[in-house]
Amino acid sequence: MEKILTMNIVEMRELLKTGGISSVELTQFYLDRAKKYDRSVQAYLRLTEEIAMEMAADADRRIRAGEDGPLLGIPFGIKDIFCAKGLETTCASRMLEGFIAPYDSTIIKKLKEEHFVHLGRVNMDEFAMGSSTENSSFQTTRNPWDTDRIPGGSSGGSAAAVAAGLCAASLGTDTGGSIRQPAGLCGMVGMKPTYGRVSRYGLVAFASSLDQIGPIARNVTDTAVVLGAIAGYDPMDSTSIPQPVPDYTSFLGRDIKGMRIGIPKEYFIEGTEPDVKESVEAAIELFEKQGATLVDISLPHTEYAVATYYIICTAEASSNLARYDGVKYGMRVEGKDIIDMYKKTRMNGFGKEVKRRIILGTYVLSSGYYEAYYGKAGKVRTLIRKDFEHAFEKCDIIVTPVSPTTAFKIGEKVEDPLQMYLSDIFTIPVNLAGLPGMSVPCGFDGAGLPVGLQIIGKPLDEARMLQAAFVLESEKRLKTIPYRFID
Amino acid sequence: MKINKDVVEYVAHLGRLKLEPVEIDLYTSQLDRILEHMDRLNSLNTEGIEPTSRAVPVTCVPREDVKKDSITIEDSVMNAPDRKGNFFKVPPVIEVD
Numbered sequence: 001m002e003k004i005l006t007m008n009i010v011e012m013r014e015l016l017k018t019g020g021i022s023s024v025e026l027t028q029f030y031l032d033r034a035k036k037y038d039r040s041v042q043a044y045l046r047l048t049e050e051i052a053m054e055m056a057a058d059a060d061r062r063i064r065a066g067e068d069g070p071l072l073g074i075p076f077g078i079k080d081i082f083c084a085k086g087l088e089t090t091c092a093s094r095m096l097e098g099f100i101a102p103y104d105s106t107i108i109k110k111l112k113e114e115h116f117v118h119l120g121r122v123n124m125d126e127f128a129m130g131s132s133t134e135n136s137s138f139q140t141t142r143n144p145w146d147t148d149r150i151p152g153g154s155s156g157g158s159a160a161a162v163a164a165g166l167c168a169a170s171l172g173t174d175t176g177g178s179i180r181q182p183a184g185l186c187g188m189v190g191m192k193p194t195y196g197r198v199s200r201y202g203l204v205a206f207a208s209s210l211d212q213i214g215p216i217a218r219n220v221t222d223t224a225v226v227l228g229a230i231a232g233y234d235p236m237d238s239t240s241i242p243q244p245v246p247d248y249t250s251f252l253g254r255d256i257k258g259m260r261i262g263i264p265k266e267y268f269i270e271g272t273e274p275d276v277k278e279s280v281e282a283a284i285e286l287f288e289k290q291g292a293t294l295v296d297i298s299l300p301h302t303e304y305a306v307a308t309y310y311i312i313c314t315a316e317a318s319s320n321l322a323r324y325d326g327v328k329y330g331m332r333v334e335g336k337d338i339i340d341m342y343k344k345t346r347m348n349g350f351g352k353e354v355k356r357r358i359i360l361g362t363y364v365l366s367s368g369y370y371e372a373y374y375g376k377a378g379k380v381r382t383l384i385r386k387d388f389e390h391a392f393e394k395c396d397i398i399v400t401p402v403s404p405t406t407a408f409k410i411g412e413k414v415e416d417p418l419q420m421y422l423s424d425i426f427t428i429p430v431n432l433a434g435l436p437g438m439s440v441p442c443g444f445d446g447a448g449l450p451v452g453l454q455i456i457g458k459p460l461d462e463a464r465m466l467q468a469a470f471v472l473e474s475e476k477r478l479k480t481i482p483y484r485f486i487d
Numbered sequence: 001m002k003i004n005k006d007v008v009e010y011v012a013h014l015g016r017l018k019l020e021p022v023e024i025d026l027y028t029s030q031l032d033r034i035l036e037h038m039d040r041l042n043s044l045n046t047e048g049i050e051p052t053s054r055a056v057p058v059t060c061v062p063r064e065d066v067k068k069d070s071i072t073i074e075d076s077v078m079n080a081p082d083r084k085g086n087f088f089k090v091p092p093v094i095e096v097d
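Chains as they are written, first to last, in this note's numbering: chain A, 1 to 487; chain B, 1 to 97.
Don't take every hint at face value.
[Stated by the list, open to error] Calculated cross-link-like contacts (lysine to aspartate or glutamate; reagent style EDC-like; alpha-carbon spacing at most 16 Å): (1) B/Lys18 / A/Asp487; (2) A/Lys85 / B/Glu74; (3) A/Lys379 / B/Glu47; (4) B/Lys18 / A/Asp337; (5) A/Lys379 / B/Asp39; (6) A/Lys112 / A/Glu67; (7) A/Lys85 / B/Asp75; (8) A/Lys36 / A/Asp487; (9) A/Lys344 / B/Glu23.
No lab work stands behind these hints, which were simulated from the structure alone.
These numbers come from a predicted model, not from an experiment.
Turn these sequences into a full structure, and let the hints guide you.
Take a look at the structure:
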């Protein structure tokens, strides 16, 4: 059974199809692993064992009846931010403890139409706010490569569950890097598609103009397969893009001769760890050897991205989180009047980081400060978007490190939110510009921790990014699961 | 110092948050540092630049005016912490003498 861990989803599907394994056996394999190994990783908030076995049995019936599909019978760990009818959806917050979603998000609906298997709900930073999964109200997820370290965030549970082999694939959300950074720090592949590529209907909103859903998987093939299943126009989401979805897997294996790769000078800065720099530079050399042309580019407003991002995302978060008031769903703490009830409920329901962002967001939107902060940030966002537009006149994709460092120690940055915010400096500009970005493993540091390479694409050009990532993956053949998680 | 305890307390009130004194102290110092970082945007000339509110321009197309099912009333109130029939129940909003 351990050979499952080295298979991609296409191979798993073939095995299911030919009767080499059943979906029930595959699901049981991952559930057993989760029960055995998740004590040290703490990726899962809840296993949905009964539902998983029912879905797996249904998938087996369909396979026997001759049905086919790219995700039929494949077990997923789902970030606890997507509404799934009848299941508790907490966003790792006490505020939503006990909330049972009354409907399916589009993403869950699509996966159900593919007859996937819902293994369980994975951990995250509360309401997706954070870069380390230390802000979960329930538990701190650990990095499978070194359990004293963070897995990244906010989709840390998703990345850690895949990295430790506790599910075949996972889904995350990315507001400022929350798919790419944890995927990078856990040695996995993560894709944040173009804003609007994947429907956000039924996703618990954090910062609506930035949030985007995407896959976290063990390899590029799985990423392409999952992206193909979840992308596409949805009339339930007014920001959804009405464009056809290509067959992403058909781009894998194509060479990159003549592809122009932009190298932005602002992303190779002081403060980036030497091992990270070395791995990323080696990947760039590899691309050149494979026939790509390297192009020096400049993204001059990069240094303003973190400030711009935290004004916009906190402003939007303060508005989106106003709905948690103790009236409609979730926690309620009684008060002497309704305002008192609101305040006590929100004081007890939200964690430190969420409160910090609500206060910051309310401040930058308040009378007298709106223009100086929110108005200004909107304009700087335009400058950042234009930087990318100019750069893409010269190149087809852009490559950079995902993060300046490999995974840091648990607790290391908790007391210094600004330092935590600055750790997302390479991923944030992509969200501000609405572009697709992905993380693909490119090496390990001296301590054996994974280093991720970020590939940034033109709007809706995810296929070309996957094409380049597949070349790197095929040439590097890096280890994708730590030894301690192999029996 | 851009921000002080009174401002944090007032903004928290606007955001309907009750804070412990220790939280007010913590947020005051942390937010002051964060806002100082945000102030670097003021060094940029943005005259004549239009703000971007959404990253990819999408035209909002009205859907056809066709009646569709929505979630049931029961589903919409099933998570209410307190309810009376199909209504959300809350403490008094209007003071009564």
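Status of each hint after checking the structure:
no.: 1; hint: B/Lys18 / A/Asp487; verdict: violated (50 Å)
no.: 2; hint: A/Lys85 / B/Glu74; verdict: holds (14 Å)
no.: 3; hint: A/Lys379 / B/Glu47; verdict: holds (9 Å)
no.: 4; hint: B/Lys18 / A/Asp337; verdict: holds (14 Å)
no.: 5; hint: A/Lys379 / B/Asp39; verdict: holds (14 Å)
no.: 6; hint: A/Lys112 / A/Glu67; verdict: holds (14 Å)
no.: 7; hint: A/Lys85 / B/Asp75; verdict: holds (10 Å)
no.: 8; hint: A/Lys36 / A/Asp487; verdict: holds (10 Å)
no.: 9; hint: A/Lys344 / B/Glu23; verdict: holds (14 Å)
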